[in-house]
Each structure stands twice: as structure tokens, then as C-alpha cells.
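Enquirer: As a plain string of letters, each chain reads:
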Amino acid sequence: MNVYYFLGKGGVGKTTVSAAWSVGLAKKGLKTLVASIDPAHNLGDAFATPISDRIMHINAHLDAVEVNIEEMIRAYLNELSTKMKNTYRYLSAMNIDRYFDILKNSPGIEEYATMEAIKRLIALRDYDAVVFDTPPTGMTIRVLAMPPVSLVWTEQLIKMRKRILSTRGMVERVQGKFEAEVDGEKVVLSSSEKEDPIMQELLSYREELRALRDMLSSDYSYVNIVTMAEDLALFETKRIIKLLDGFKIKVRNIFLNKFFEIKNPPDEIKGKIEEQEKVIEKMKTEIKGIEIKDIPLLRKSPRGIDELFNIYSKYLA
Amino acid sequence: MSSLIVLIGAAFYIVSYFTYGKSLERNVVRADGSTPTPAIRLRDNVDYLPAHKFVLFGHHFASIAGAGPIVGPAIAVVWGWFPALLWVWFGNLFIGSIHDYLSLMASVRYDGKSIQYVSGKLMGESSKYIFEVYVYFTLILVVAAFMGVFGALASKSPAILTASTLFMVAALIEGQLLYKTKLPFWLSSAIGVALTILSIVVGFLWPFINVPSLNTLYWLQFIYIIFAATLPVWFLLQPRDYLNSYILWGGVIIATIAAVIAFRGFSWPAYTGFSAKVISGQPSPFWPTVPLVIACGALSGFHSIVGSGTTSKQLDNELSGLFVGYGAMFMEGMLSTIVITSIGAFGLVVFQGFADKIAAAGFDLAKMSSDATYFGQVGAAVINSKDVGIGGALGIFTKSFGQLLNVIGVPVKLGITLGGLWASAFILTTLDTTNRLARYAFQELVEPIKKVSKGLHGFLTDRWVASILAAAFGFFLIAKGGNAYTALWAGFAGANQLLASIAMLTAATWVKNVQKASTGMLAAVLIPAFFLWITVFSALIWFLVKVVPATTPVLQVILGGFVVIMLVLDVFLVINFFKNYNQGKKATAKA
Amino acid sequence: MKRLLYFLKKSFDVFDKAMKEDSTSFIRKQLEEEENIFALITMGIFSGIPSPPTGIVLRILPHMSREISIMIKRSANLDDVFGEIMGTFNVD
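Protein chains in written order, with UniProt numbering: chain L, 1 to 317; chain C, 1 to 591; chain X, 1 to 92.
One chain only, chain L, in its complex shape (with noise of 0.2 Å):
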């Protein structure tokens, strides 16, 4: 299965080159989802037809589906809050939903939550091909920088906890097993790895991290920018290639979008095509290894299965 990213900032048509790519890949007879796990749906407009949160069907060979993010993180903390109001009887007194008020906001939790949606849209075996229509880059990036950071503090806490698990070995030895009163219930601390429930988390959530780390990096995803011929569109671009690079992520495409092709232009936009001709000169020689496809600028924006697909095989093929 290859997962396709589309990265870009807002306005610059990741939906719409998403939503074209899905449809030319459906039509080649791939199974395909195409998602937006923007917080800004578009995906319903492009397709023109309404998109719920649970995956329907477009057409024979194309689902789309459009991620409500708040509601999962909602969904989740949720469940976390009544887990939490069984094990820590004595906090609920000190009302826990007043701290998970504070989560809903804290950093990173959305992030995190993308990064399930993702997780869990790919764990769809049925797919040939899932496409995202991603959030604003910066969003994108933090959550495709995710995997790598969370494995730092993680390796970080389990040094930690071993280190705590070896002291109280020591006690243990001495003692015997440690047991604490813990909200009025008698709980064995245990020293061992496999007896300790957050080592045990820490440790499966590294593995967890580690294989979607491996899995942006791998070479069935696809991570592609959709920009436009602009000065400081260029430097941006430039700089998330170097960033993801660093992530050890490669990014494929490059899809400069609305691209002036005009033949006789009017005075007014002359100046803007020669931005753009040095533009592209700058980019086809600073850029390398990587494929630039122009998209030019459209009388109207597409909309509908047929003028997508029109897009795919002209210009994203």
C-alpha cells in the first residue's frame, strides 16, 4: 500500500491536488481512500459532494472520508477520564475533568491525535493507496515530527525509569517487595521490568513510535508539496525539504500551483510572471532529486469527480 501526503499552506490547493491525485489513482483501478485530516475541510467542496466523518463511498474504486479531529481528541480524552476515574479514586474527589480541560488545550495533543487518525486510516488493510489532505504545513510538520521527538523524551523517561526500578531493587532486596498505600489500597511496587506498568507502556509506545518513524521514512509514502512560484514560497519550500530531511522523511513531488500561463500578459501582471520565470529557474537548479509539476492557474476552481480527474491526467500524471 503507498500512503500519499500533500503538503501546503492554506489557499495554495492541497485539496484539490489531493483530491485529483485520489481520483486519477482510482480511475488506474486502485482501491483508494483519500482523507483530509485538515481541521479546515475542503475535501467535501472539491468533490461536490458532501463528505461526513465516516468513510463513504465517491465512487467504485474511491472512499473519502473527512477526519473530525476535535472529536476524536474529545472521543479519547474521554475514555482516558473514566479509566482514570477508576484508578485514582481519591483524585476524582479533586475532579479530574478540570485537568482534562487543561489536556485538551495542552501542547501537542493535537499532534498526537492526528498522528492516531493516520495511524489508524492506514491500518485499513482494504486500501491500494490512501491520500491525506493535510493540515497547514506547520501543523503537517510537527505532527510528521512527532514519531522522531516522542522517541527522545521517550528513551529519555525509560533511562528514568530503569533508574528507579534499580533503586528499588536495592530496597527489595532488603525489604522484600515494596508495598504502598496508595489511596487507601495496598499496591505492590514492583522492580522488575515486565511488573511495571509504565515501563511496560513506555516500551510498547517506543516500538509503536519507532515503527512510524519507519513507516514516514519507508518508501511506500509518498510526501509531496503543493506551492506556488512565489519568492517566499520558494525559501518555505526549501526549508521543509530540509527539515523533513532531517527526519529522515524525502519529500517526491513539488506541484507549483496556480502558475501564470498567460500569453499575452497585461502590464499589471508582468512583473509577477518574471517573479515566477526566475522562480522556477531558482528552483529547478537549488532543488534537486526531486520532481516539479506546474499546475497552471484555472479559469474556475474544479470541482466534481470528471474536472478532477481532468486535472490528474493533465497535469499530475
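Between beta-carbon pairs, the in silico distance windows are:
(1) C/Ile223 <-> L/Glu193: 36 to 46 Å
(2) L/Val152 <-> C/Ser34: 48 to 58 Å
(3) C/Val193 <-> X/Tyr6: 19 to 29 Å
No lab work stands behind these hints, which were simulated from the structure alone.
Just so it is clear, the structure is predicted and the values come from calculations on it, not from any experiment.
Every residue, glycine too, gets a C-beta built ideally from N, C-alpha and C.
Fit chains C and X to the supplied structure of chain L, relying on the hints for placement.
Expert: Below, chains C and X alone, put in the same frame as chain L:
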């Protein structure tokens, strides 16, 4: 005579416990068996957990006992055994034990918080800072004094040096056995005790580690401190501390038995003169300077910290407080009593053994035996003389101890080695813990510097820098101070007693404003508190005027500086005390 | 006789327990510190210090009841750290 003194001492303490002690419990502390202590109310099975009172007594006693109750009296006997004994008995009764007991109980009434915290609440926040300054100075000085005392002993006794080094190895092994293997606890402990005994025996039979140079010994101790204090606690400190308690109890039991059976007369002079040359070769008036010599055993500020640090959090019942806090102090008094007895009975025998060297060094041993005043003038010099080679205060103690144990059949040299290991085991452990504490106290103290220079503050509070600074300070004081360990000991004891002063004043404030004791009982706390304050203040002035100028320039500056700072703070303290006392400031003690 | 034996056994048990505590006092203090630091770091969210990415925290939060209680207890005792440290190490 010896047996008599020991028995009288025991009787004295026991009777006092049941009369004076019980009165304190009833009328001052108003200990209430039905009020739950913090150990029960705040129980968390880590810090707060009720301990059986015998166990707590053992812990508390082992914590407050160290080399202090041995070294102090061993220096003080130059005044004669009688004045030393008087202070150990009555100083303990009227000041020391009250200090320990009240600190403990005040802490218990404040949720087990430290006496420093309580003093902050009752006497104002500045007293908290003063507390920290005193503690830091005490920590530096105790390092210097102990380094000196150990150096003096070890340079003259390869047996003890060997035993101490081997004991360290034993502790390292014990640490591995206890915490890294699955050996049953009793077995590891038994092996540890066996290894300890082995260290003593080997030291006795093959004293192969011989370092006669004082300077080298200071360097060795300095390096030891730095390493020991940075090792993880389980490696050396914890097993050492653990084995120390076996040495302590073993030593106490053997010594008591021997002292009682000995039936030996005291050949040591009973009284040599009011101003015998005790401290740093200066004529030292017994009052006010005796607290600068005998600290633990009679009175020690550090006990208040120990009592309010862990003990108060583990007291199972208010009525156990007397036994633990008051009783343990009496027990330490007994320990000092035995030390004095040992020297009293056998000190001169030891001198006889060194008759040639004493004569060669220019002292008249015969005159010492007949003329008490002459004894008072030269006694300390004889004990500390490098040419004579007795080995300082610990030297006279260990050698007398060897004679004492001989009474029950232990070979003299073996007894000496045992006594030596007893003292040095505690000294070396103290050097380790003191450095760790000093690191922490130092960081607290230099907190204000942050506002002035962040870089400097960062440098000073770096773990290694703080550790080396603390050790270097102590090392510097003893090495460049002319090996004047009695002067440094006096400095340490002075700082220690100032701590006791704060604790006593805090206790007095507590007794008046919170407990609202009757005037009679209040006097029982207030009078000693003031007596202590005046005595220590005068003693330190004497020290500043008479002792410091006669020492090396290094000591004059540093030691003198410390003393001046402490005296100034002491004045602030007393002003603070009166401010809070007369305002009838009531601090709510948490029920 | 039986009562004497029983008394001896009880005394030995008390002694045993005391010695075991004695030989681990510093280590247990160290353990508490380590657990406290672990708690502070993982729960940094609640106290405003840099903390691990939320994902990690959420995963281990359900198992952290002991760590949370230690952290709360330690915060309550922050007004007397001096006493705690000084009382642990004994100087005399």
C-alpha cells in the same frame, strides 16, 4: 571507683528521667497519649510512619551518637575528671536533654516540620536564615575538627588506620551483598559484622598501613571526602552507616560491662584548676568555656535537627517522646560518662607507658601525678605532643579504652583498635554526610548572590564546586591552621551550641506562647536557655580574644571571621526573640 | 518458658525490621526523589514546565497514581526542605 561512678551516673540519669523528665512531660509538653502524632495523622509509609518506641530510640540514639560524645570529654578531662563529669551530668540534665526533648515535641506539634521551620514561625523568618548560616559554619568546622582529630590519632596508630581502611572495604562489600545480591538479609548483615570484626583483628595483628605524616593524612581525608560524597548512597555511605550502628551498640555494651566490673580507682586528677590549659594551649576558664569542649554528651544543637528531621515524623505516640528524645540524650550522657571513667581510671596508666617519651619532651610525669595544677597546665600539651605520640584526645581515649577492656580479658592493643575503629568509623561517615549537607546548605546560602551575579551563582552552586569548596574549607583550616584541632573543635562546638541556643529559644517561645506553661515550668526552660545563651556568647568572646589571636593567620581570618559573624547574628537572634516573646505572638500550632 | 520464647521472637522481629529500615534509609530517600522527578517531568503539563509530548503523558497517566500522590506530598513539604535533608543525614 570506676564502677561507682558508672552506677551513680546511671542512677542519676534514671532518677532524673522519672522525676524531672516526667514533670517536663506533664507540665510543659503536656504530652497527650490520645492525640494522634503526625506519624499517624500524615502517614505515608515513606517519611511519616509510626515506629515502635524502642526501635525509634535505637535509631535516634544512633543518629545523635557519633564521635562527638567521645572527643569532647576526652579533651575536657584536662580540667580533671570531676568538672567534666559535672557538666556531662548537669549540663545534660538542665540544658541538653531538655533541648532535645522540647525540640522533638515542638516539631511533633508542628506536623513533624524541622525546628528551623518552627523557629521561623515563632521567631520570624530571619531566624531561619540565621539557622542556615550556623549550620553551614558548623558543617565546615566539624570537617576541620574531625580531620584534625582523626589525623592526630591515625598518625600515631597504624593499627587504627589499618582497621579503618579495611572497614571501608568491608562496607563496600556489605553494600554489594545487601543491595545487589539476593542473599538473605540476616546473612549479609552477619557477614558485614564479621568483616568489621576482621578489620579490627587484622588492624591489631598486622598494622600494615602506616602514615605518620599529618599533612598526608589531611590530603587523604580530603580526597576521601570528595569521592565518598559523590558516590551513590548505596555504594559506601549507606552500608557504612548501617555497620556503624553495630559498632556503636557493641562498643557501648562492652564498655559498660567493663566499666562496671573494673572496680578501678581513678588515678587521674579530679580537679586541676579552673583555668587549666584546655583549649589551644590557652588557660580556659571552666565557665564559660566548657560548652566549647563538651558538646554532644551534654548539649548539642545538631540533635534538634536530627530530632525534628526524622524522629518527630516517626513518633508513634506523644508519650513515647520522653523515652526517645529525652532518654536517648541521657544515654549519650552515659556514653560520655563511660569515656570519662575510662580515662579517669586508666589515663595515668597510659601516661606511665609513655614515661620515657614524656620525660624526653620535657614534662615531669611524677609532678603530674602529684601536682594537679601542674597537670592542668601541661596535660593537654602531653596528650597532643607529636614527640610523645599519644595521639591527641582520641589517643588518650582509645588507649585508656584498651586498658579498660583489658579488665575483661581483651588484649590491650585489640581494645585500642576497637576503640579507635569506633571513633574513626563515625568520624569518616560524618565527613561524608557533612559534605553532602554542606553542598546543600551552601546552595541555600548563596541564593542572594543570584541577584548580583548570575554567572558567579551558577559557578558556586555547581555540584562539584560546592562539594570541593566545603571540603577544601575544612581541609584548609586544619592543614594551614597549625593542626590546632582543639581550637577548631572549640569553634565547631561553639557553632553547635549557638544552634542549640536558637533551638532552646524557639522551645522557650513555644512553651510560653503556645503551651502557656506555668511560670515554674517556664523557668525550667527559660533559665537554661538564657544561661546557655550567655555562656556561649561569653565563651565565644573569650575565644575571639584569647584563642584566635594565638593561632595562625589563616585561622585568625577564617575562624575569627566565622565567630564574628556568628556573634553578630546571635545578637540579632536574641533581639528577635524578645520582640516575639513580649508581643505574646501566638503561632497556631496545628493540633 | 513459651512466653519467654515468644517475647524473644517478637523482639527479634522488631530488631530485624528496624535493622532493615536502617540499612535502606538513604536509599529509600533517594528513591523518593527519583520518583518525584519522574512525576514532575511527566506531569509538567500541570505545572507549566517543559514536558514530554502529550502522547507519552496520556499513555502513562492511568498508571501514575503513586507518582501523583508523591508529587502532591512533596509539594506540600516544600516549605521545610531544610528539615528534610538535614534530618536524613546525621551529623554528630
